[in-house]
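Using the sequences and the hints given, assemble the complete structure.
Residue numbers (this note's numbering), protein chains in the order written: chain A, 116 to 463; chain B, 2 to 331; chain C, 60 to 336.
In case anyone wonders, no lab produced these hints; they're calculated from the structure.
Treat the hints with caution; some may be incorrect.
What the hints assert, rightly or not - Listed below are the simulated BS3-like cross-link pairs for lysine-lysine, each with C-alpha atoms no more than 25 Å apart in a straight line: (1) A:K204 / A:K450; (2) A:K410 / A:K450; (3) A:K342 / C:K95; (4) A:K416 / A:K443; (5) A:K427 / C:K110; (6) A:K372 / A:K448; (7) A:K410 / C:K110; (8) B:K66 / A:K205; (9) A:K249 / A:K298; (10) A:K403 / A:K205; (11) A:K416 / A:K403; (12) B:K66 / A:K204; (13) A:K416 / C:K110; (14) A:K231 / A:K249; (15) C:K95 / A:K450; (16) C:K110 / A:K163; (17) A:K427 / A:K416; (18) A:K410 / A:K342; (19) A:K298 / B:K66.
These are the residues of each chain, in order.
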Amino acid sequence: MKRWPILACMLAMAIAWPAAASAQMLVNGAGATFPYPIYSKWFEEYIKVDPEVRFNYQSIGSGGGIRQITERTVDFGASDGPMTDEQLKKAPGELFHIPTVLGAVVATYNLPGSPKLSFTGEVLADIFLGKITKWNDDRIKALNPSTTLPNQPIIVVHRSDGSGTTYIWVDYLSKVSPEWDQKVGRGTSVSWPVGLGGKGNEGVAGQVKLAPGSLGYVELAYAVTNKLPAASIRNQAGKFIEPSIESTTAAAAGAAKNMPDDFRVSMTNAPGADAYPVASFTWLLVYKDQPNEAKGRAIVKFLWWAIHDGQKHPAALLYAPLPAPVVKQIEAKIKLITYSGKPILAAQ
Amino acid sequence: MLVASVSQAGTADTPPPARVARRMGIGFGDRLFGLGLTGAAWIVVLLAVALITALGWEAREAIVKFGWRFLFTSSWDPVQGRFGALPFIYGTLVSAFLALAIAVPLSLGAAIFLAELAPGWIRPPIAFLIEMLAAVPSVVYGLWGIFVLVPWLRDWVEPFLASSLGFLPLFQGPPYGIGMLAAGVILAIMVVPYITSVSREVLLAVPGSQREAALGIGATRWETTRIAVLRYGRSGLVGAILLGLGRALGETMAVTMVIGNRPEVALSLFAPGYTMASVIANEFTEATSEIYVSALVEIGLLLLLITIAVNGLARLLVWSVGGPASGGRE
Amino acid sequence: MSSRRFVSSTMSVLTCLSAIVAVLPLLLILGFLLVKGASAVNLDFFLHLPKPVGEPGGGVANAIVGSLVMIGLAVAVGLPIGISGGVYLADSRDRHLPWAVRFIADVLNGVPSIVVGIFAYTLVVLPMRRFSALAGGLALGFILIPIVLRTTEEMVRLVPNALREAGLGLGIPRWRVTLRIVLPAARAGILTGVMVAVARIAGETAPLLFTALGNRFWHQGLDQPIAALPLQIYAYAIAPYDDWHRQAWAGALVLITLVFLASLAARVATRGRTIAH
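This is the structure we're talking about:
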């Protein structure tokens, strides 16, 4: 029984620790892995702006973000698949989708020499449907005549968790492949005909990196930071576009013109000569009526910072900043966030 | 007086009569103490009941909607709201039994070696090492699995198996590395130290008199082990194996990291699969519809019931063995 | 006679080989941990908080503390129940309750930790409306109880009846016999069981996925999300960043060392006070 004193010490330490550490307010959020690189950068930078607050963000997937904010076990959620009307109805209060950045979902792969490949939406759909199974399939060869493709099975990698990145990807596939639309459809979690599952963008990138012959879909930042190639995809205008900040921004141009009031818009297969076809906004999910005044104020101030000063950070991580007209719209929305009926921002 | 007290001290059925009890000092202290102990026992019962109730309650929607089909259907379609648990049940059972197939001979052999046949000087270090292996956390096994075991399987073992035993449906299909075989091997490694150390404890608990009796009539070391020790400790050994099975069935992290997360029943050991524990780990925090959550909790409930069945079987086996060795336990 | 000896020798060799093969993975794992993780283990690693994606450096200080906190909670809650229950089972004369408790403890021992996670999520996280260290600690305690209970029972049973009878014969009340004679005699075994249980929960990740959630910073109280070493290792292991992989190996090395030291401490603390096995 000599362990009791040690245990007592540990417990005392555990309880006393928060007092010992400086008393900051912790705001918890969870959700999409798609924007995790830029969010983790933002939350680190924001400590300099407001040292009193810490934003703890856990990247568990968009599905997780939607579920947890609906159950109010976190203070804000994050998702790149917009919530459906049904999901919004289930939330105990009105939820706002606040766009933060734009990103691109890319097809990434592991082949010797990392050649630059081009695909069309139809070919990608057929690969993910399991109809094209080998790298040296005629249709892939036709799109990439100057590359030698190995006679190897394609190891398809998809998400095993509920994912906004998945939503963006299958939303695109549904638009370009009627067979996909009918057989599989859209959602943050779908019934994949073939492939291995990885957890989070991290898991898919990790899996592709490990296994030669793999093909998966990840957010652009994940491909680049891991030195994985990103394929060019043919857009609606017929051009093969490489994913980049410019092509993502081009895709946003069309969406920005017709931005709905609740910001739930799909940007995939966007019109425009230079638009990358698999791009999307990503949203933070916050309640219109904040339950906690201090946290609500912290969240609102952070959102304001994120859409203004914060927008100088995304480019380094290959996310595209928000188009200016959209920022104006978001400002109006943020001003609507209230505590006990009173708008928080106006009280500044 | 000592003899009288002990003989009147009550049998398994009847507490001692009051005057004897008082003389023996079964007074207030004992009653309080007994109450405390019984209270702890009831808490344990309560926890189990609460567990099953909570799971059953959360799973009710899926149970009502899918009924028995849940156990036999393979579709796992959150978009359409159609859920069937067959691939997960299959994956869980196959990976666990594969693990036992590899682990049990190794563990029992090692336990016997440590408890009976090894020279004295070598026992403590090896026993120590095996206990340390039992302490390695599952996520560390998973980490090692992803970066060491899987590439080894993918580049060496699976191609070898495919070329030599490829006529069996067990070893067909592209060698991903990630998949059922990886899960089975990792589980085996995880379960070996568990079975070994508990078996070793059991064997060591066998009284020396048993061994002496056998040696006295001229048995060799192995015969002593076989006749006197193993037989005596048989129920304990079965218990150890079933503890191992239980661990294998419920193991989550290491398996999730190497099994491929694919909800499909496939005969080949090379194919990716999914276990009940893994699907819950991956999808629970994100299931966005009531029926989805309910289906996942129902899988949790199923996993729990399979576990109970395994443990129940364990107890039956222990009872059927009979003899003085197993009499101590109910 | 010689064929029997031959069989005996062969079995000795086979079992020896089994023992070697059983131990081999440990050496492989430790080897890889050292080779891949040692380079990332430095003072920073222990003292600092994690850095954002893509920036090298940072550490797992909050994860280490978080794990210790939750283990402490689990032991504080689970140890009394587990040991009391174990003693109850070993000494009770009732007909039905011990049978039920034993059966249930065996069953609970086999409950997958992920199911315990669901249970803790439903009973603690949802009503509290937040992820917390408390939920994580309670989930771990739930796992600890049956392990400690059964090992305690077994170890208490192994104490020879002669000791009990001697105590009773001296007129000592039953409860004192149990507390002051039987339990100390079984102490080594019980503690080893407890250490095995603690080592098990120290490495548990699954039940923490939906209870503690994880935290990039220091926790702000037991009712807030908290980091844990195994959670951090998992997150880093499945990520694609090489720097995170190195930290995963390093974290695993640290975790194993902590567990290893705890086991060692238990052995040292009980040396010389035990009945020879």
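Against the structure, the hints:
Between K204 (chain A) and K450 (chain A), the direct Cα distance comes to roughly 22 Å. Compliance with the 25 Å bound is thereby established for this hinted pair. A C-alpha spacing of about 16 Å is found between K410 (chain A) and K450 (chain A), which places the hinted pair at or below 25 Å, so the restraint holds. Restraint check for K342 (chain A) and K95 (chain C): satisfied, since their Cα atoms lie roughly 21 Å apart, inside the 25 Å limit. The suggested pairing of K416 (chain A) with K443 (chain A) holds, with an alpha-carbon distance near 16 Å, which does not exceed 25 Å.
Annotation: proposed proximity of K427 (chain A) to K110 (chain C) holds, straight-line Cα distance about 19 Å (limit 25 Å). In summary, the hint linking K372 (chain A) to K448 (chain A) is supported, as the alpha carbons are separated by about 17 Å, within the 25 Å threshold. Of the supplied pair hints, the one linking K410 (chain A) and K110 (chain C) holds, its CA atoms being roughly 23 Å apart against a limit of 25 Å. A C-alpha spacing of about 20 Å is found between K66 (chain B) and K205 (chain A), which places the hinted pair at or below 25 Å, so the restraint holds.
For the hint linking K249 (chain A) to K298 (chain A), the alpha-carbon distance of about 21 Å falls within 25 Å, and the restraint holds. For the suggested pair K403 (chain A) and K205 (chain A), the alpha carbons sit about 15 Å apart, so the restraint of at most 25 Å is met. Between K416 (chain A) and K403 (chain A), the direct Cα distance comes to roughly 14 Å. Compliance with the 25 Å bound is thereby established for this hinted pair. For the hint pairing K66 (chain B) with K204 (chain A), the CA-to-CA distance comes to about 22 Å; that is within 25 Å, so the pair holds.
Of the supplied pair hints, the one linking K416 (chain A) and K110 (chain C) holds, its CA atoms being roughly 23 Å apart against a limit of 25 Å. Simply put, K231 (chain A) and K249 (chain A) have alpha-carbon atoms about 17 Å apart, close enough for the 25 Å limit, and the pair holds. Taking the CA atoms of K95 (chain C) and K450 (chain A), the gap is about 50 Å. The hint is violated against a cut of 25 Å. Proximity of K110 (chain C) to K163 (chain A) is assessed by CA-CA distance (about 15 Å); at most 25 Å being required, the pair is judged to hold.
Between K427 (chain A) and K416 (chain A) the CA atoms are separated by roughly 17 Å; this keeps the pair inside 25 Å, and the hint holds. Among the hinted pairs, K410 (chain A) with K342 (chain A) is inconsistent with the structure: their alpha-carbon atoms are about 38 Å apart, more than 25 Å. Between the alpha carbons of K298 (chain A) and K66 (chain B) the distance comes to roughly 23 Å, so the proposed pair stays at or under 25 Å and holds.
When the structure is compared with the earlier hints, violations turn up for hints 15 and 18 and for no others.
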